[in-house]
Structures are given as structure tokens and as C-alpha cells.
Amino acid sequence: MFEGLKEKVIIVTGSNGLIGKELVKYLINAQSKVVSLDLYNENEDADFCECDVTDYGKLDKVFDEVMDKYHRIDGLVNLAYPRTKDWGINFEEEPLFSWQQNVELQMNSVFYICQKTLKIMKQQQSGSIVNIGSIYGVVGNDFTLYEDFEGTSAAAYTAIKGGIINFTRFLSSYYGKYNVRVNCLSPGGILDKEKQHPSFIEKYSKKSPLKRLGKPEEMAAPIAFLLSDGASYITGHNLMADGGWTAI
Numbered sequence: 000m001f002e003g004l005k006e007k008v009i010i011v012t013g014s015n016g017l018i019g020k021e022l023v024k025y026l027i028n029a030q031s032k033v034v035s036l037d038l039y040n041e042n043e044d045a046d047f048c049e050c051d052v053t054d055y056g057k058l059d060k061v062f063d064e065v066m067d068k069y070h071r072i073d074g075l076v077n078l079a080y081p082r083t084k085d086w087g088i089n090f091e092e093e094p095l096f097s098w099q100q101n102v103e104l105q106m107n108s109v110f111y112i113c114q115k116t117l118k119i120m121k122q123q124q125s126g127s128i129v130n131i132g133s134i135y136g137v138v139g140n141d142f143t144l145y146e147d148f149e150g151t152s153a154a155a156y157t158a159i160k161g162g163i164i165n166f167t168r169f170l171s172s173y174y175g176k177y178n179v180r181v182n183c184l185s186p187g188g189i190l191d192k193e194k195q196h197p198s199f200i201e202k203y204s205k206k207s208p209l210k211r212l213g214k215p216e217e218m219a220a221p222i223a224f225l226l227s228d229g230a231s232y233i234t235g236h237n238l239m240a241d242g243g244w245t246a247i
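Numbering (numbering that gives the first Met the number 0), first residue to last: 0 to 247.
Keep in mind the hints are simulated off the structure, nothing from the lab. By construction, the Cβ of each residue, glycine as well, lies at the ideal position given by its N, Cα and C atoms. Any given hint could turn out to be false.
[What the hints assert, rightly or not] Distance windows between CB atoms, simulated: (1) 178 / 84: 31 to 37 Å; (2) 39 / 208: 33 to 39 Å; (3) 110 / 197: 34 to 40 Å; (4) 82 / 165: 19 to 25 Å; (5) 118 / 5: 38 to 44 Å; (6) 114 / 27: 25 to 31 Å; (7) 95 / 6: 14 to 20 Å; (8) 216 / 5: 17 to 23 Å; (9) 138 / 56: 34 to 40 Å; (10) 149 / 102: 23 to 29 Å.
Make a model of the complete structure from these sequences and hints.
Written out as C-alpha cells, the structure is:
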């Protein structure tokens, strides 16, 4: 376990997702005080708050509750991944409204949650935020991965993730003088056999230097490291947890 996580109050949005579940378990084992934000609760060991991250009024209440109980926020991880029902349709068919709505759901919610958290961390003169990017916020898409089953990757995804990565750099520059760190983790493909086509898994694995997709639990330790005191001189960084995908 990384040093300096014990007793830290850490908010995790999207805590019931593939990565979120593993991260919450990791942080609890590190004796952090985890505030879990999602639409439903799957981990009784965390302090759960039912919350849709796109409901800004509800978010205000959640932050008030957290501050009333703990009087501080030491860490934030933005793992929530809200999106429209038509997410992932072909670029030519994507309505402008869908693009706009996904930017509102994903990027704007990250902005709002970061803003709420950073006001508190600025006053504390301490804190660490980890946003979530992606390999496709850094490099172009490999569409050959989807050819065998007529799949695709959402255009809005690349724009949103690229924006979040550079937004992270902005925040790190802005809040560094307050002893607040803001970093980003950019995962590669994460294995989810229930949702991923076998052809996608095979082709992705063949191209990846490590010859496989990542496991959800392999994202927990890098995120925890960026939150921890062990990363006390790291800010504005985009850590690629991608099995070498962006190295080739």
C-alpha cells in the first residue's frame, strides 16, 4: 500500500464501475475514508452517497454532507462515465444534440465536481485530484479493432478525454501554489468479456505490447499512488496505464 492514504477522505465518483469497484476496495484496504458516489451502492464498507453526477443540485448537497461529517476532502477521483443512449453510433450519423449532450454529461460534470472540490482544497492548502483520461485522448483510434462486427468508437469520447487531460494540466498550474495536486490516469483497453466482442479482444491483445487488455484492478494502484503522499511532487501528469499501447 502507498504511504499517506490512511484516514484520508477520498471521494470516488462512478464507484460501481469496473475500475471504481476495485479502487474503492483498494482504498478501504489502505484505511482511507472512502465516500462512494454512484446511482446505487455495492460496497457497504464505503460511505455511500446516492448521486447522479450530472445533477448539480444533488452534488451541492453531497458536498455539504461530506463537509459536515468529515470537515475536509483529501482526494477526489472522477471515474463517473455518464453518456447518452445512442453512445457509440457512427460518426456520420451522430446528431449534433447527442454530441452536445455527451459533452455536458461527461466533461461539464468533471468541471463542476473539480470546481467544488478545489474550493475546499484551496482553503485547506492540501489535496489531490485524479481525473480519468484515455489512450484515445492522446492518440488516434485504431478502427481495425471493430471491423469484424461493425463496431466503432464514439467521436465525442476522444474530444472529451483529450479535453479532460489538458484541463488537468490547467488545474495543476492554477492550484499548485495552494499545495493541491491534479493528475490524470489514462487507461488502455480494460477487459470486459460481457460487453466486448471476441474479435475486439483478440485484435487489441495482438497489437498491445503486453499482448492483452488491462484488468480493472490494475488501474486501482496507479490511481491510489497519484492520490498518495508518495506522489507529493507529481502534478499535471498524465499517467499512461495502457500496457504500452501509446509507446508504439
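- Starting from the hint 34 to 40 Å, judge whether the C-beta atoms of residue 138 and residue 56 obey it. Taking Cβ atoms as reference, residue 138 and residue 56 lie about 37 Å apart, which means the hint holds.
- Lying within 38 to 44 Å: is that true of the beta-carbon distance residue 118 to residue 5? With a Cβ separation near 25 Å, residue 118 and residue 5 fall outside 38 to 44 Å, so the hint is violated.
- Cβ distance range 17 to 23 Å for residue 216 and residue 5, holds or violated: Hint holds: Cβ distance 20 Å, inside 17 to 23 Å.
- Message: Quick check: does the Cβ-Cβ distance between residue 82 and residue 165 fall within 19 to 25 Å?
- Response: At 21 Å between Cβs, range holds.
- Message: Just to be sure I understand the hint, the distance between the Cβ atoms of residue 114 and residue 27 should be within 25 to 31 Å; is that true here?
- Response: 27 Å, holds
- Query: Range hint 23 to 29 Å: satisfied by the CB atoms of residue 149 and residue 102?
  - Reply: Because 25 Å falls inside the window, the suggested range holds.
- Is 31 to 37 Å a correct range for the gap between the Cβ atoms of residue 178 and residue 84? 42 Å, violated
- Message: Just to be sure I understand the hint, the distance between the Cβ atoms of residue 95 and residue 6 should be within 14 to 20 Å; is that true here?
- Response: 47 Å, violated
- Task: Determine whether the Cβ-Cβ distance between residue 110 and residue 197 falls within the hinted range of 34 to 40 Å.
- Result: 37 Å, holds
- Check the following: the C-beta atoms of residue 39 and residue 208 are separated by a distance inside 33 to 39 Å. 37 Å, holds
Checked against the numbered hints above, the structure breaks hints 1, 5, 7 and satisfies the rest.
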